[in-house]
Amino acid sequence: DAGVTQSPTHLIKTRGQHVTLRCSPISGHKSVSWYQQVLGQGPQFIFQYYEKEERGRGNFPDRFSARQFPNYSSELNVNALLLGDSALYLCASSLGNSPLHFGNGTRLTVT
Amino acid sequence: QQPVQSPQAVILREGEDAVINCSSSKALYSVHWYRQKHGEAPVFLMILLKGGEQKGHEKISASFNEKKQQSSLYLTASQLSYSGTYFCGTEAGNTGKLIFGQGTTLQVKP
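Quick note, the sequences are listed as chains R and H, same order. Following the working numbering, the numbering of the first sequence begins with 1 at its first residue and continues without gaps. Following the working numbering, the numbering of the second sequence begins with 112 at its first residue and continues without gaps.
Extracted from the complex, chain H is given alone in its bound form:
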């Protein structure tokens, strides 16, 4: 079943923070986050495995709440380059088969 992402869209000014959420009704093995810019391929950001681990990459980090089957992506002090559509992909087991959410479009303005 497709995970649900919220919000669907967000507009920020440079330097502002954002949170994108991803919820699943199924027990999850992992959550993957990707960013896709218009006309380009989705680019891998990070994977979170069950266990509630929080990962970070510079000003982008994420958490995974295994009990709630929810993951959140945190974008801190946003930059213009953060603009794009963010997708979470969920995995019920270690299968490599991802079910993607519908995406959250992020626009960062100067």
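The following block holds chain R by itself, in its conformation from the complex:
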């Protein structure tokens, strides 16, 4: 079975631009969560979606948004990019609330 897949793997954007990150969960998993991991730190919770509804939101500005589609895949959108948004963005899927199965992430660099 395929694991969690994320695209793209790497991305370079300029300050002020917008970015869309994509995630396909493990087959059968209905919950998708997004985490931001800054170099040298643990992942930080951004969003959780279950059955296409937002179940939780972390302490991130409104520039961050997400959605889940009927096939349970998900998108994370970030508007008006700042240098501080440079990080590894991890998507995780789960059957219920846990355990989380992470994808390899999207490395976003904002210049």
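Hints were generated in silico from the structure; no laboratory data involved. As the structure is a computational prediction, the values presented were derived from the model and not from experiment. In this text, a Cβ means the ideal position worked out from N, Cα and C, and glycines have one as well. It cannot be assumed that every hint is accurate.
[Stated by the list, open to error] Derived, one-sided and incomplete: chain H residues facing chain R with beta-carbon distance under 8 Å: (1) HIS143; (2) PRO153; (3) PHE155; (4) LEU209.
[Said to hold, decoys possible] With a straight-line cut-off of 20 Å between C-alpha atoms, the simulated SDA-like cross-links for lysine to any residue are: (5) R:LYS52 to R:GLN41; (6) R:LYS52 to R:GLY96; (7) H:LYS208 to R:SER65; (8) H:LYS208 to R:TYR50; (9) R:LYS30 to H:LYS208; (10) H:LYS148 to R:LYS30; (11) H:LYS208 to R:THR109; (12) H:LYS208 to R:VAL38; (13) R:LYS30 to R:ASP62; (14) H:LYS148 to H:ALA203; (15) H:LYS148 to R:HIS101; (16) R:LYS30 to H:ASN205; (17) H:LYS148 to H:TYR185; (18) H:LYS208 to R:ILE26; (19) H:LYS208 to R:GLY16; (20) H:LYS148 to R:LEU39; (21) H:LYS208 to R:ASN79; (22) H:LYS148 to R:GLY3; (23) H:LYS137 to H:LEU160; (24) H:LYS208 to R:HIS10; (25) H:LYS148 to H:THR187; (26) H:LYS220 to H:GLN190; (27) H:LYS137 to H:GLN180; (28) H:LYS161 to H:ALA203; (29) H:LYS208 to R:HIS29; (30) H:LYS148 to R:GLN44; (31) H:LYS148 to R:SER65; (32) H:LYS208 to R:GLU75; (33) H:LYS208 to H:MET157; (34) H:LYS137 to H:ILE122; (35) H:LYS208 to R:GLU53; (36) H:LYS208 to R:ARG67; (37) R:LYS52 to R:ARG67.
Fit chain H to the given chain R structure using the hints.
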């Protein structure tokens, strides 16, 4: 509030043992342990639910002290493949929202 992990880093020789601790100031529903190798995704190791249950997987086991809101990860007879950064993720309720510690970097040398 972010859990605190200790130590921040540890270097071992193959065959040695290690303990990684995770402490929270909040009452916890569960503690999750993950290992992340450089450039890779975090990999799930185990979950401990409140109740003080100890779990094990071959030479890696963990405990959860509900009264102290602490969890410990025990790595026995370490192997080179154990190298990586270990994260604990805590959950205040059955929400699926994990708050991760800052990580403990483990390096196992031959």
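Structure-based check of each hint:
no.: 1; hint: HIS143; verdict: holds (6 Å)
no.: 2; hint: PRO153; verdict: holds (5 Å)
no.: 3; hint: PHE155; verdict: holds (5 Å)
no.: 4; hint: LEU209; verdict: holds (6 Å)
no.: 5; hint: R:LYS52 to R:GLN41; verdict: violated (29 Å)
no.: 6; hint: R:LYS52 to R:GLY96; verdict: holds (13 Å)
no.: 7; hint: H:LYS208 to R:SER65; verdict: holds (17 Å)
no.: 8; hint: H:LYS208 to R:TYR50; verdict: holds (12 Å)
no.: 9; hint: R:LYS30 to H:LYS208; verdict: holds (15 Å)
no.: 10; hint: H:LYS148 to R:LYS30; verdict: violated (26 Å)
no.: 11; hint: H:LYS208 to R:THR109; verdict: violated (26 Å)
no.: 12; hint: H:LYS208 to R:VAL38; verdict: holds (18 Å)
no.: 13; hint: R:LYS30 to R:ASP62; verdict: violated (24 Å)
no.: 14; hint: H:LYS148 to H:ALA203; verdict: violated (27 Å)
no.: 15; hint: H:LYS148 to R:HIS101; verdict: holds (15 Å)
no.: 16; hint: R:LYS30 to H:ASN205; verdict: holds (16 Å)
no.: 17; hint: H:LYS148 to H:TYR185; verdict: holds (18 Å)
no.: 18; hint: H:LYS208 to R:ILE26; verdict: holds (18 Å)
no.: 19; hint: H:LYS208 to R:GLY16; verdict: violated (29 Å)
no.: 20; hint: H:LYS148 to R:LEU39; verdict: holds (13 Å)
no.: 21; hint: H:LYS208 to R:ASN79; verdict: violated (23 Å)
no.: 22; hint: H:LYS148 to R:GLY3; verdict: holds (17 Å)
no.: 23; hint: H:LYS137 to H:LEU160; verdict: holds (14 Å)
no.: 24; hint: H:LYS208 to R:HIS10; verdict: violated (25 Å)
no.: 25; hint: H:LYS148 to H:THR187; verdict: holds (19 Å)
no.: 26; hint: H:LYS220 to H:GLN190; verdict: holds (8 Å)
no.: 27; hint: H:LYS137 to H:GLN180; verdict: holds (7 Å)
no.: 28; hint: H:LYS161 to H:ALA203; verdict: holds (10 Å)
no.: 29; hint: H:LYS208 to R:HIS29; verdict: holds (16 Å)
no.: 30; hint: H:LYS148 to R:GLN44; verdict: holds (17 Å)
no.: 31; hint: H:LYS148 to R:SER65; verdict: violated (28 Å)
no.: 32; hint: H:LYS208 to R:GLU75; verdict: holds (18 Å)
no.: 33; hint: H:LYS208 to H:MET157; verdict: holds (16 Å)
no.: 34; hint: H:LYS137 to H:ILE122; verdict: violated (30 Å)
no.: 35; hint: H:LYS208 to R:GLU53; verdict: holds (15 Å)
no.: 36; hint: H:LYS208 to R:ARG67; verdict: holds (17 Å)
no.: 37; hint: R:LYS52 to R:ARG67; verdict: holds (7 Å)
The structure fails to meet hints 5, 10, 11, 13, 14, 19, 21, 24, 31 and 34 from the earlier list, while all remaining hints are met.
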